[in-house]
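2 protein chains.
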Amino acid sequence: MSNSKLYKGSLNTIILKLLDEEGKMYGYEITQKVKALTQGELKITEGALYPALHKLEAEGLLDVEVAKVDNRIRKYYKLTEQGEKETVNRLAELEEFIRSMQQLVNPKWSIQ
Amino acid sequence: MSNSKLYKGSLNTIILKLLDEEGKMYGYEITQKVKALTQGELKITEGALYPALHKLEAEGLLDVEVAKVDNRIRKYYKLTEQGEKETVNRLAELEEFIRSMQQLVNPKWSIQ
DNA sequence: AATATATACATAATATTCTTATGCATAATA
DNA sequence: TATTATGCATAAGAATATTATGTATATATT
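Just so you know, the protein sequences line up as chains A and B, in that order. To convert, note that position 60 of the first sequence is 59 in numbering that gives the first Met the number 0; the numbers rise steadily by one, no gaps. To convert, note that position 20 of the second sequence is 19 in numbering that gives the first Met the number 0; the numbers rise steadily by one, no gaps.
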């Protein structure tokens, strides 16, 4: 993703969570959804997205289904059963990351 | 850092913020501080830390001062003026990242 | 009619940032 | 005496991104 507003490693979590919510999505749709949800703050680049989708598929976390719409190819991805489990893990990791960062960058209001 | 609980790119922000709070720190001290603040959740590896410190220094964000304590060398780092400005930027970026991630992974409770 | 933009996929070269492994050296502890 | 803690460092490799480029169709603009 560009704008360097993102930390490396977060793209996979974003993909998994969006698929978890939407059921199935194709690549271009993911880039637009992310742009919309973040008010243009985050832009997923294709050079990052497509290799990431291919890798998640190779790992067995995603299934792909090809469709032709308006004479154009779309590759719809959806979570496998394993992908759903992994989504839970990734989201827990993200929460843990955010908690850790809050403890580090703002110890005053993060101590209970 | 290890445990793969961190997203790449966050280490620099952590270093800058800790130096901002502590005034000056040496490398080993940073690793221990992070471990303590996160209850052992995050572990900064030396292979990541020292190159990062050297790079921040090369970029003019840190100044270094060598000291000998108990017959052992310590390299104390502190923020330069530029480093202090950059710290503000990095923290703002981190907040923006967290806000974006919340919008993406949990749109229900992040919409105002 | 020609051109630009949007849609939709993909890969290759390069950069960045990390992990893992290794090395050196002194001090404290078991 | 051997291990752990303290304290620095670098090198090889992995992972993940950016940037640039390529192909192709549909729609909007000039």
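Because the hints were derived from the structure by calculation, they are not lab data. Hints may be right or wrong, so weigh each one.
The list makes no distinction among identical chains, and a pair is therefore deemed to hold if it is satisfied within one copy or across any two copies.
[Stated by the list, open to error] Simulated crosslink set (DSS-like; lysine-lysine; CA at most 27 Å straight-line):
id	residue 1	residue 2
1	Lys-7	Lys-42
2	Lys-74	Lys-32
3	Lys-34	Lys-74
4	Lys-67	Lys-7
5	Lys-67	Lys-42
The hints, checked one at a time:
For the homomeric pair Lys-7 and Lys-42, the shortest alpha-carbon distances inside one copy (13 Å) and between copies (18 Å) are both at most 27 Å. For a Cα distance limit of 27 Å, the shortest separation of Lys-74 from Lys-32 inside one copy, 16 Å, qualifies, whereas the shortest one across copies, 47 Å, does not. For the homomeric pair Lys-34 and Lys-74, the shortest alpha-carbon distance inside one copy (19 Å) is at most 27 Å, but the shortest distance between copies (43 Å) is not. In this assembly of identical chains, the alpha carbons of Lys-67 and Lys-7 never lie at most 27 Å apart, being 32 Å within a copy and 37 Å across copies at closest.
Taking the shortest alpha-carbon separations for Lys-67 and Lys-42, only the intra-copy value of 25 Å comes in at or below 27 Å, while the best inter-copy value is 48 Å.
In terms of the numbered hints stated before, the structure departs from hint 4 and from no other.
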